[in-house]
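2 protein chains.
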Amino acid sequence: MDLKRYLDVKRKIVENAMDRYLPSEKTEPRTIHKAMRYSVFAGGKRLRPILSMASFELVNGKGKSILPAACALEFLHTYSLIHDDLPCMDNDDLRRGKPTLHKIFGEGMAVLAGDALHALAFEILLKAKNSQVIEEVAKSIGTKGMIGGQVADLEAEGKRVTPSKVAYIHSHKTGALIRASIRVGAILGGANGKKLNALSRFGEKIGLAFQITDDILDVEGEEKVIGKKTHADERKATYPKTVGLERSKRIAKELIKSAKNDLRGFGKKRTIFEELADYIVSRVN
Amino acid sequence: MDLKRYLDVKRKIVENAMDRYLPSEKTEPRTIHKAMRYSVFAGGKRLRPILSMASFELVNGKGKSILPAACALEFLHTYSLIHDDLPCMDNDDLRRGKPTLHKIFGEGMAVLAGDALHALAFEILLKAKNSQVIEEVAKSIGTKGMIGGQVADLEAEGKRVTPSKVAYIHSHKTGALIRASIRVGAILGGANGKKLNALSRFGEKIGLAFQITDDILDVEGEEKVIGKKTHADERKATYPKTVGLERSKRIAKELIKSAKNDLRGFGKKRTIFEELADYIVSRVN
Numbered sequence: 104m105d106l107k108r109y110l111d112v113k114r115k116i117v118e119n120a121m122d123r124y125l126p127s128e129k130t131e132p133r134t135i136h137k138a139m140r141y142s143v144f145a146g147g148k149r150l151r152p153i154l155s156m157a158s159f160e161l162v163n164g165k166g167k168s169i170l171p172a173a174c175a176l177e178f179l180h181t182y183s184l185i186h187d188d189l190p191c192m193d194n195d196d197l198r199r200g201k202p203t204l205h206k207i208f209g210e211g212m213a214v215l216a217g218d219a220l221h222a223l224a225f226e227i228l229l230k231a232k233n234s235q236v237i238e239e240v241a242k243s244i245g246t247k248g249m250i251g252g253q254v255a256d257l258e259a260e261g262k263r264v265t266p267s268k269v270a271y272i273h274s275h276k277t278g279a280l281i282r283a284s285i286r287v288g289a290i291l292g293g294a295n296g297k298k299l300n301a302l303s304r305f306g307e308k309i310g311l312a313f314q315i316t317d318d319i320l321d322v323e324g325e326e327k328v329i330g331k332k333t334h335a336d337e338r339k340a341t342y343p344k345t346v347g348l349e350r351s352k353r354i355a356k357e358l359i360k361s362a363k364n365d366l367r368g369f370g371k372k373r374t375i376f377e378e379l380a381d382y383i384v385s386r387v388n
Numbered sequence: 104m105d106l107k108r109y110l111d112v113k114r115k116i117v118e119n120a121m122d123r124y125l126p127s128e129k130t131e132p133r134t135i136h137k138a139m140r141y142s143v144f145a146g147g148k149r150l151r152p153i154l155s156m157a158s159f160e161l162v163n164g165k166g167k168s169i170l171p172a173a174c175a176l177e178f179l180h181t182y183s184l185i186h187d188d189l190p191c192m193d194n195d196d197l198r199r200g201k202p203t204l205h206k207i208f209g210e211g212m213a214v215l216a217g218d219a220l221h222a223l224a225f226e227i228l229l230k231a232k233n234s235q236v237i238e239e240v241a242k243s244i245g246t247k248g249m250i251g252g253q254v255a256d257l258e259a260e261g262k263r264v265t266p267s268k269v270a271y272i273h274s275h276k277t278g279a280l281i282r283a284s285i286r287v288g289a290i291l292g293g294a295n296g297k298k299l300n301a302l303s304r305f306g307e308k309i310g311l312a313f314q315i316t317d318d319i320l321d322v323e324g325e326e327k328v329i330g331k332k333t334h335a336d337e338r339k340a341t342y343p344k345t346v347g348l349e350r351s352k353r354i355a356k357e358l359i360k361s362a363k364n365d366l367r368g369f370g371k372k373r374t375i376f377e378e379l380a381d382y383i384v385s386r387v388n
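Chains as they are written, first to last, in this note's numbering: chain A, 104 to 388; chain B, 104 to 388.
No lab work stands behind these hints, which were simulated from the structure alone.
Partner residues aside, some chain B positions facing chain A, computed with beta carbon under 10 Å:
(1) Ile135
(2) His136
(3) His186
(4) Ala219
(5) Ala224
(6) Ile227
(7) Leu228
(8) Lys232
(9) Val240
(10) Ala241
(11) Thr246
(12) Gly252
C-beta: ideal position from N, C-alpha, C; glycine also.
Based on the provided sequences and hints, a complete structural model is requested.
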């Protein structure tokens, strides 16, 4: 199966499952369920759930036991985007080519819809029946993970930052949840310690490369293709701003090369994972 | 032990434990940990953790295994207050006699500090090693619990609402987490189904009575004693506005009376719980 087809198939599986886990638009209070669904189904690559499923399969996990965790990861990602887009944070009007949630439902409802997806994610995560997985996810989105990165990002606005600071921001803001997605798949698939470690290193590298690519797309990408405003990061700590555009591209490519090396012990099945890694830096949106 | 002493002793136990569970102010990124601590230690009655501990003891739970859940409940309550106080929600400048978090740390950091306490609560809750408890809590703060009530509250602003609507708002916005606190204590203390049901009914009633009392204090209380602006609820759906002040007081008292009836099967130990119920409606802040 080629990568595009693979991504399509997995995306549909995840979207169907999310549809089942989310309360319907007719469930009271309707507004919040409409708001949650608006953001969850506004599009998106579903990268985190797909990575968790790919990782699960790579270590020979069987069946559908990965699905609840996969959906929970996407709910958490969506909650973080909703809050990130708020006027008091990044103040973005457009996401995935559509008005951001607060533009349609108001800021108060956007705060609550983010909170609700956050809570729902943990409710769904329980279906994985694995406390290590819940702990992994909770830590990855806390102050030593995603939120830590968001705080540093907010504080770096308009300031000159060092390359190590921007690496910290990126590997936490974006990397932590991507790494956790891969680890969650591996844990639920029954990976041994050695494989879990190798996949964690892989996850760290592609997570960082993913955010560097986001920064590059903000400079070079097309608004219509990306679905959000470009040149929106000019006051933010980005790789292109800190080390230059060419060096940023080189770093992203080197990270992917090194990440692929981490997969050496995984046999033939690793092909799809290598392609996923290449996709991270070659994507146009 | 009289009630005041009991509340003081329990409050100190909870506050010491929360201090241990919260990252220190010197842990990076410092700002978010300072912000989380600012709100958590700005005061508060610690009613939810105390109810969970009281319930745990009432069903003969032994040892300290209730403590992580007790702290998690207070972290969740604090997160909800931080988000509730935001300009896009209730727009409150004062909470517990101190400036609200966003007044000191800015709105973006307040959103993130709430999010971080939300995530930390689930991390700590895992220490209870009981998935029923995590599910109970996750549901109580979701769209069919606390957030559902907040949404209805937000939507009712400036509108005439029916008594049944305001009952829905209160029993969800405030009641759900109070009920969950009591249930969590009972579950971890090993209550049987009959006792758990009785305590659930008790929790529902005192949760609703608690919020009605809040509404009454907004009309009749003193700003200095309550620590927040009074007459702040004039555009909101409240009991006094919907059924009048005197009837609100009567309803609150009847709820407490009926709640105490639910405790009949619990023997002598129930005294402290009865006093807690009385305190809910007689408190001045």
